[in-house]
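Asker: Here is what each chain is made of, one letter per residue.
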Amino acid sequence: MPHLEIVSLSSRYGSEEVLKEVSLAADQGEVLSVIGPSGSGKSTLLRVLIGLTPPSGGEVFIAGERVDYSSRRSLKGLRGKMSIVFQEYNLFQNMTVMRNVTVAPIKIKKRPREQVERQAEALLAKVGMAHKQDAYPEELSGGQQQRVAIARALATNPEILLFDEVTAALDPERVNEVLETIRGLTNEGITMIIVSHEMAFVREVSTRVAMMDEGRLVECGPPAQIFDAPRQSRTREFVSSILRH
Amino acid sequence: MLDTVMQQAPAFFNPHNLVFILQAMGRTLGMTIVGCTTGFVLGMAIAVLRGSRSVLLLPLRLVAIGYVEVFRRIPFLVILFIVLFVIEPLLPGTSLLGIATISVCLLSTAFLSEIIRAGLESVPGRQIDGAHALNFNALQTLVMVTLPQSWKVILPPAAAFVVMFVKDTSLASQLGVIELTFAGKMLVNRGFSPLLGFGAILVCYFILSYPLSRAAARLEKRLAAS
Ligand SMILES: Nc1ncnc2c1ncn2[C@@H]1O[C@H](COP(=O)(O)OP(=O)(O)O)[C@@H](O)[C@H]1O
Ligand SMILES: [Mg+2]
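One line per chain: the protein sequences are A and B, in this order. Under numbering that gives the first Met the number 0, the first residue of the first sequence is numbered 0, with each subsequent residue one higher. Under numbering that gives the first Met the number 0, the first residue of the second sequence is numbered 0, with each subsequent residue one higher.
No lab work stands behind these hints, which were simulated from the structure alone. All the given hints hold, so there is nothing to weed out.
Dumping the calculated BS3-like pairs for lysine-lysine here, alpha-carbon to alpha-carbon at most 30 Å: (1) B:Lys220 with A:Lys131; (2) A:Lys131 with B:Lys151; (3) A:Lys80 with A:Lys19; (4) B:Lys166 with B:Lys220; (5) B:Lys151 with A:Lys106.
Take these sequences, add in the hints, and give me the full structure.
Answerer: Here it is in structure tokens:
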């Protein structure tokens, strides 16, 4: 049974359908990357998965259990197992680094403060941000903020991690430190869905790659298939247009 | 003219008059404090209500929008008379000060709700998405994320509004509430020089609003720095 199973998932903004019957599945610990041109519905897919945008059709199962996006209780359970890192403006600007990482476990999950803070220190050390515990987000570079955001996403002990173009807003010299951090997580058994335009990175870390266009899933397969022998002409066009740059 | 002032000064500054002026000042201050506190609390409620997406709250939301849009456009004097004519038959015996205070609350709620709403809306949607994705409920998101980030935007115009408001309460004199302006008029009517009567009132308004604007400026500076 796949860890995360997406069946014929659709979503619309107003009357415009931006996600059209997308079906995907990921096994436990798999790294599934999603690529595709801007506006193809990648962010919408992640937003629907974590319940920020309502689906208009289809189903999502986690370890075989169906997620009911209209039920607050089901959503709460879902977000206990799934975390997301966004492109930018991720961290709460009114909280220190430490507080950003600990606020949800302490205030929402009601775990003991000491235990949470010890875990947060370890997580911040892991992403190389232990020395900035007391800084506010605006005092950090974009890359540092994203690393803290990853630590925050990990602090709720997620089984599934979503990344939505987490390096797209960064200066080029900051991209690697964040990709390095994500790479370090790929062998911990966490199932990951990574939306990214960093093709070399996608190729290296993904177990499978999904190509999206105009709200549809075009093709999904191992990196070697998508990058070297795509079955769909749309995938070939997109991949070559990106690799040429 | 100055002769008259010098001549009247001892009589003017007698304890009886001073108490009279202090009482009037108390009414002006009272209307401002009650009006702005109520306006802040109810204005916050309206701002939050208007920001909610819940379908269940839609009728309430429409009422709130109507209320805010109407009361921001009616002159305060007209609000005073409307409240007077609505409250008189409903609750006979309500004091004029009570009626003026209700009017003041109605007005400040409408204005402050707009100021607070602009502040809440200044917080980027990503911050709120982030909170929801971490399982914050609506109230937790408001208290822990949205509000702390919107004070910077709310406080300067809110403080300016309160300072202006101290002056607006003078319209209550039209109803016959003996607040500062009316007190000045009465003193002058009793034969005191306008220079003395209104001069004293001017000083009182200054005493009320100057510390307020200073405190607001200080707070603004501190918020901008953080
Ligand atoms: N909040 C929104 N309201 C209306 N349309 C939106 C909104 N967000 C995204 N869209 C539209 O949905 C489509 C898919 O967007 P998105 O999922 O952000 O694509 P991607 O992440 O692949 O760039 C686009 O056409 C975009 O214009
Ligand atoms: Mg996107």
